[in-house]
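Student: With chain A fixed as given, assemble chains B and C onto it according to the hints.
Protein chains in written order, with the working numbering: chain A, 1 to 214; chain B, 215 to 514; chain C, 515 to 806.
A few of these clues could be false.
[Unchecked claim] Lysine to any residue pairs mimicking SDA-like chemistry, simulated, CA-CA at most 20 Å apart: (1) B/Lys465 x B/Gln333; (2) B/Lys400 x A/Leu10; (3) B/Lys400 x A/His7; (4) B/Lys448 x B/Thr413; (5) C/Lys562 x B/Thr292; (6) B/Lys351 x A/Ala178; (7) B/Lys401 x B/Thr380; (8) B/Lys446 x A/Leu79; (9) B/Lys352 x A/Thr177; (10) C/Lys562 x B/Asn443; (11) B/Lys386 x A/Tyr81; (12) B/Lys400 x A/Ala178.
These are calculated hints, taken from the structure and not from any lab test.
Bear in mind that the values here come from a model prediction, so they are computed numbers and not experimental data.
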Amino acid sequence: MNVVLHHLGLYWSGLWVTLELTVLSFMCALLVGTVVAVMRVSPAAPLRAAGLLYVETVRNTPPLLLLFLFVYGLPKVGLIYSLFVSAVVVLGGYTGAFVAEVIRSGINAVPVGQAEAARSLGLTFSQTLRHVVLPQAFRTMVPPLGNLLTALVRNTSLAAPIGVLELTERADQLNATAAAPVPIFIGVLITYMIVTLPLGAVIGAVERRVAVAR
Amino acid sequence: MKKRFYSLAGLFAAGALALAACGGSSGGPGATANTGGYKTVKADSLPASPTLDAIKARGKIIIGTKFDQPLFGLQNPTNGQIDGFDAEIGRLLALRIFGDPGKVSFIESVSKNREPYIQQGKVDAVIATYTINATRKKLVDFAGPYYVAGQDIMVKANDTSIAGVTDLNGKKVCTVTGSTSATNLKKFAPTAQPLLLDTYSSCAEALGDGRVQAVTTDNVVLLGLISRNPGKYKLVGKSFTQEPYGIGLKKGDDAFRSFVNDTLATAYTNGDWARAFTETVGAVEKTTPTPPALDRYTHS
Amino acid sequence: MLYDVPGPRGRRRILVGSIVAALVIGALAAVALVRLAHHGQLDAARWKFVTEPSILRYLMFGLLNTLKVAAVAGGLALAVGALMAVGRLAPSVLVRAGATSYVQFCRSLPVLPLILFIGLGFPELGVRLPAFWFLVLGLALYNSAVFAEIFRAGVVSLPRGQREAAYALGLTYWGTMRLVLLPQAVRRVLPATLSQFVVLLKDSSLGFVISYPELLRRGQITGEFTHSILQVYVVVAVIYIIVNATLSYLVHRLERRQKRAPIVRPAAGASPLSTPTDRGAVRAGGKELTGR
Chain A
1 MNVVLHHLGL
11 YWSGLWVTLE
21 LTVLSFMCAL
31 LVGTVVAVMR
41 VSPAAPLRAA
51 GLLYVETVRN
61 TPPLLLLFLF
71 VYGLPKVGLI
81 YSLFVSAVVV
91 LGGYTGAFVA
101 EVIRSGINAV
111 PVGQAEAARS
121 LGLTFSQTLR
131 HVVLPQAFRT
141 MVPPLGNLLT
151 ALVRNTSLAA
161 PIGVLELTER
171 ADQLNATAAA
181 PVPIFIGVLI
191 TYMIVTLPLG
201 AVIGAVERRV
211 AVAR
Chain B
215 MKKRFYSLAG
225 LFAAGALALA
235 ACGGSSGGPG
245 ATANTGGYKT
255 VKADSLPASP
265 TLDAIKARGK
275 IIIGTKFDQP
285 LFGLQNPTNG
295 QIDGFDAEIG
305 RLLALRIFGD
315 PGKVSFIESV
325 SKNREPYIQQ
335 GKVDAVIATY
345 TINATRKKLV
355 DFAGPYYVAG
365 QDIMVKANDT
375 SIAGVTDLNG
385 KKVCTVTGST
395 SATNLKKFAP
405 TAQPLLLDTY
415 SSCAEALGDG
425 RVQAVTTDNV
435 VLLGLISRNP
445 GKYKLVGKSF
455 TQEPYGIGLK
465 KGDDAFRSFV
475 NDTLATAYTN
485 GDWARAFTET
495 VGAVEKTTPT
505 PPALDRYTHS
Chain C
515 MLYDVPGPRG
525 RRRILVGSIV
535 AALVIGALAA
545 VALVRLAHHG
555 QLDAARWKFV
565 TEPSILRYLM
575 FGLLNTLKVA
585 AVAGGLALAV
595 GALMAVGRLA
605 PSVLVRAGAT
615 SYVQFCRSLP
625 VLPLILFIGL
635 GFPELGVRLP
645 AFWFLVLGLA
655 LYNSAVFAEI
665 FRAGVVSLPR
675 GQREAAYALG
685 LTYWGTMRLV
695 LLPQAVRRVL
705 PATLSQFVVL
715 LKDSSLGFVI
725 SYPELLRRGQ
735 ITGEFTHSIL
745 QVYVVVAVIY
755 IIVNATLSYL
765 VHRLERRQKR
775 APIVRPAAGA
785 SPLSTPTDRG
795 AVRAGGKELT
805 GR
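Isolated chain A (complex conformation) (with noise of 0.2 Å):
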């Protein structure tokens, strides 16, 4: 117990990385997610291809092969990034996926009727979008895309066996030289569950709050 105690400014350290990683992670997987799903449901057949194809090989990837493939494989054509970088752009990429489809589904769950009535009424497609369907869709987007901000969360300990110095790698390396696993690593699940478990009830309380009142 003391162990801990006596290094709390590492689970610190690795915590502060820990946030950085989901934050930066999630914008660039809200990026990735609406540049896909718009591929997705675009008229130009390639183009709906290319997306289909990029969910369907992230989506049944394991995430930490797609971060050796990137910071292993791709130094091998040249291309290396800093570790930090890579852990954001492929925990992005991959969450990126499952926005995709989420976005994708909540479009989807707007009944067809709303955007027929915007038609009628004469609304062009962006504005059709903008002021009719998203707005809908996004209430109904709200709780899965919460869950993947959470899983995000717990997805950047990944980034520890490429070496970046988040919460779960500092633990790791702290137990290398003080040998007391029960402890250290009860520490760091109880730091993980003082981000998710709050988060979970935030996203619980926007979810009632936007939640469509049948």
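Tutor: Same frame as chain A, now just chains B and C:
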């Protein structure tokens, strides 16, 4: 419908359990000796020791070793076998206990897992370029040493900017989590920027990719990495520590430790140690050193 | 239905856009291939390992280890998940609180540190098991909570009449769950369940932090041994994609089959599946209440 569901579920569960019972490591590394001809023979009698009793009951000895360290413990994916000096020492132990160098099974023990695996009893001994030091002696016991290496530095073949350990200050250096190399790096080059990974092979990759400018660990380990990547890397050649490799054992089992030390002593005198060395490390280290003096310490 | 059916000008624009998109994508792919070739990554020597049967066997055993872990952990997680789902909806406050705490707790655990905790910490506490079981335990703990939520959502989505009718027949809460609600709920959420199973299978790759010789670790060793890291990782990725895509495809087939044979709503009078004696009776096993 319900019956079909339950019978399917039952079949599934039975199948899963059967698979699980098939042992957790299919295709796991067995140990048919690839270097034979050792002179060590089966011991006439084995001392009373909890570890030895467990080994005898099991019918084989379980050794923790590295799987990705050339010359010492390298798993050959084409046959699942572990080649290397550490593996050979393990086979000598099996030979001494059972009369058959094949009665040994290897489990991958990366640096940071060596003490835990010994303490948990997951392995009977760790032979994995395991440096003996006072801190580790608090957690485990050591037999040996069976080899003395020195920490050195590996750089890209055309790099001339690093000539000694102090040149590492301010540079990105890779080494492995939980190794003495990591502690020594901090001691000798306090302003070096360490990148800690799980294995030395990953460090070699990082060096080749340009993520770091140097890799530091024991010279023989580096020589092994260099030999597997001809022309890419070179050794700086100025070792700055002494690294006695020992066999990690469960703390307190002095009878077993004595037995292991006796086995090593026999191997020193009958030429088996030298033979194991030339067949493995000898590929890069042409002169066979004299075996180091065994440290048969007692607990005070 | 976000835009009208395109007229001739619209169709032309879409065609142009498609061609442009195809060209751009093709160009990107070409650039990637050229770059790979330039760095020697397309050399035959680096891909030779695919033809070596011993290496393939080494990797396949790694895949087998992965599948073993996924099967056992999945089975365990499903069983515990179903139990917890039922617990979360139980009438007893104590049972509800216990199940809810378990689910909320386990859902918020990150899997990698959890596996490290179990794999490195349990032996410290005297629990000695092969790495396989530590990995199974870690995966099952987290995924049981996710399955619990999935099943709970399934049960909640069932028409209230099912539960009411079961109670009217005198079934207890657990009996209702076991015989009437859970089977229907599970069928409803089968796609989500199998999707989560795919996630579980991917997470088995974390076994390498506790030295479990699964596919990813074996791929790493093979890549370093044969000096073809990029190529081996690509092949391993393809293997994972094939396995997971097959699972997902089965999910789609099941989804479609469900839609094609929905829970029968009998018209007033005759239903092809009900006999006169069954009319108005609850069919244990999930057929909907007739005569509603």
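Student: Would you mind marking each hint as holding or not holding in the structure?
Tutor: We went through each hint and held it up to the structure:
1. B/Lys465 x B/Gln333: Roughly 8 Å between the alpha carbons, so the hint for B/Lys465 and B/Gln333 holds.
2. B/Lys400 x A/Leu10: holds (17 Å)
3. B/Lys400 x A/His7: Holds. B/Lys400 to A/His7 sits at ~18 Å (cutoff 20 Å).
4. B/Lys448 x B/Thr413: holds (19 Å)
5. C/Lys562 x B/Thr292: Distance ~13 Å between C/Lys562 and B/Thr292 Cα, so the pair holds.
6. B/Lys351 x A/Ala178: holds (13 Å)
7. B/Lys401 x B/Thr380: Holds, at roughly 10 Å.
8. B/Lys446 x A/Leu79: Holds, at roughly 19 Å.
9. B/Lys352 x A/Thr177: holds (12 Å)
10. C/Lys562 x B/Asn443: Given pair C/Lys562, B/Asn443 holds - Cα atoms ~18 Å apart, limit 20 Å.
11. B/Lys386 x A/Tyr81: Distance of about 15 Å is within 20 Å: holds.
12. B/Lys400 x A/Ala178: holds (16 Å)
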